[in-house]
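Residue numbers (numbering that gives the first Met the number 0), protein chains in the order written: chain A, 0 to 146; chain B, 0 to 146; chain C, 0 to 146; chain D, 0 to 146.
Note that these hints are calculated values from the structure, not bench results. Here the structure is a predicted model, which means the values were calculated and not measured. Among the hints, erroneous ones may be present.
Computed far set for chain C versus chain A, every beta-carbon distance over 12 Å [as the list claims (entries may be wrong)]:
1) 5
2) 28
3) 39
4) 57
5) 77
6) 78
7) 106
8) 126
9) 140
10) 144
Residues on chain A that point at chain B, a partial pick, calculated with CB under 8 Å [said to hold, decoys possible]:
11) 21
12) 23
13) 24
14) 25
15) 27
16) 30
17) 32
Partial list, computed: chain C residues near chain B (C-beta under 7 Å) [stated by the list, open to error]:
18) 16
19) 17
20) 19
21) 21
22) 36
23) 43
24) 58
A virtual CB, placed ideally from N, CA and C, is assigned to each residue, including glycine.
Protein chains: 4
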Amino acid sequence: MPHAHPLLADFPVIVSSMVHWGEMDAYGHVNNTVFFRYFETARIAFLERCGLLETYDEHRVGAILHSTDCRFRLPLLYPDTVLIGARTLEVGEDRFTMGYRIVSQQQNGIAADGTGVIVCYDYANDRKVALPAAVREGVLALRARGT
Amino acid sequence: MPHAHPLLADFPVIVSSMVHWGEMDAYGHVNNTVFFRYFETARIAFLERCGLLETYDEHRVGAILHSTDCRFRLPLLYPDTVLIGARTLEVGEDRFTMGYRIVSQQQNGIAADGTGVIVCYDYANDRKVALPAAVREGVLALRARGT
Amino acid sequence: MPHAHPLLADFPVIVSSMVHWGEMDAYGHVNNTVFFRYFETARIAFLERCGLLETYDEHRVGAILHSTDCRFRLPLLYPDTVLIGARTLEVGEDRFTMGYRIVSQQQNGIAADGTGVIVCYDYANDRKVALPAAVREGVLALRARGT
Amino acid sequence: MPHAHPLLADFPVIVSSMVHWGEMDAYGHVNNTVFFRYFETARIAFLERCGLLETYDEHRVGAILHSTDCRFRLPLLYPDTVLIGARTLEVGEDRFTMGYRIVSQQQNGIAADGTGVIVCYDYANDRKVALPAAVREGVLALRARGT
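Start from the sequences and build out the full structure, keeping to the hints where you can.
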């Protein structure tokens, strides 16, 4: 795996992104909203892996972001390349919680940790629905190793 | 009209937007990409006025941004509220050119001028098409007064 | 107060922002990162009100965003204008927690609720410090009425 | 060079960036403002190479973006990784013109071409100044090969 990093050993989904200079704000650090953009990029990769983007295209059953949070640990600066990990934390009937981690390669440290709750939604009938069995299996498979 | 301003006397479409603190970059000025966001907001208001968003919903004939440019005149800072004007500059068979202007209320001056070329596109048949007659009329009506 | 709204009765700081068309993502809703931009805009107005931007300019004692979260309630769409409220929830020695709320005027409903923890930081000496007395007073004054 | 591509043979400065899902707008394509973010990222790499970021830190002589434009050629979609090239087009006394090109690896084609005019500015004395000799040499060295 090209993006492996000891600080992301428990994260089965990892994406990498360069930090753009223009992502820094007037304080000279990457703006807090960009951390959520990084989380989102890992979330999309995660949803692809567990089939929840496909079910939307086929049956209009998809993911809604119910809530999300971020604990900032290190300010990020340009130039840098971040690794962003995603994994499953908890699985419910119609929802699951993901964990995110952003690692700065430049600083070799954790820039942020966060979570997001995803609810499974039937857009055709406009209501929450149970996770399709295959998706549920996919989500369970993306827990940290050994949990 | 709530947004009238002498520097926008020639702009029939005007929208107003507060400057968000987070739109400033590490140089402490509103980042250049945000100027194009402001242009876009005025463009959308313009396209609504001349019916080119409606034709997309009804017949999948819509607008494509072919090219755009910006001449920066004043750095923008938070706090400020900008007025963004749009108008028709030239009208062709399957395209037209819009002019944009951003006015800083805080500095009472022109922050930027720009243009954008819009091409009319038939998404169903994947080809450029002539401007529908009603749209063409709408676009012509949004020229500067007296031109 | 120009921005008063029954859903924001408990929020002493309120700012207003138009929704830009370009803030919507490929799902046709305002992207989740933009909610944090809205929170930030209210946070900056709040920090101005309680003097924590001024102390940075004068003594390099300023605010650090320690963590933040958002609970999404309604999808936002263009066109709309949102009202964003901020208030004090808890005050500690060297930090305080703010509450945020985004209200959609178009839908006349709560689009999101969230919180943010602000830590007071002495940039000259690179360490957390107690809130200056005047700032602390300002923060306490921005609690919901009657609390 | 890791990022070489036949379509960028004439561009001595090349950076690479993944396309974030959230960079797409409601039309399902990467939003036009993001193209200018990509240009900016290549511009910063270019300015580093010719020393114009260093002169700012040392003598407060730096770069101002005077104007920029973009000709859109292909819509960009997630997932993709773009290569962004920058090169010198023209050099004047106190300014120079850069050319930009965005190449989609997914589509193996040119997504956009553009230019930007950079003016050299003395921030300490608040006026345009001639390009420092070393910078001028650096800028001239970043022309397309053989020109």
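Here is what the structure says about each hint:
{"no.": "1", "hint": "5", "result": "holds (24 Å)"}
{"no.": "2", "hint": "28", "result": "violated (10 Å)"}
{"no.": "3", "hint": "39", "result": "violated (7 Å)"}
{"no.": "4", "hint": "57", "result": "holds (16 Å)"}
{"no.": "5", "hint": "77", "result": "holds (18 Å)"}
{"no.": "6", "hint": "78", "result": "holds (22 Å)"}
{"no.": "7", "hint": "106", "result": "holds (16 Å)"}
{"no.": "8", "hint": "126", "result": "holds (15 Å)"}
{"no.": "9", "hint": "140", "result": "holds (25 Å)"}
{"no.": "10", "hint": "144", "result": "holds (27 Å)"}
{"no.": "11", "hint": "21", "result": "holds (5 Å)"}
{"no.": "12", "hint": "23", "result": "holds (4 Å)"}
{"no.": "13", "hint": "24", "result": "holds (6 Å)"}
{"no.": "14", "hint": "25", "result": "holds (4 Å)"}
{"no.": "15", "hint": "27", "result": "holds (5 Å)"}
{"no.": "16", "hint": "30", "result": "holds (5 Å)"}
{"no.": "17", "hint": "32", "result": "holds (6 Å)"}
{"no.": "18", "hint": "16", "result": "holds (6 Å)"}
{"no.": "19", "hint": "17", "result": "holds (6 Å)"}
{"no.": "20", "hint": "19", "result": "holds (5 Å)"}
{"no.": "21", "hint": "21", "result": "holds (5 Å)"}
{"no.": "22", "hint": "36", "result": "holds (5 Å)"}
{"no.": "23", "hint": "43", "result": "holds (4 Å)"}
{"no.": "24", "hint": "58", "result": "violated (19 Å)"}
Of the numbered hints listed earlier, those contradicted by the structure are 2, 3, 24.
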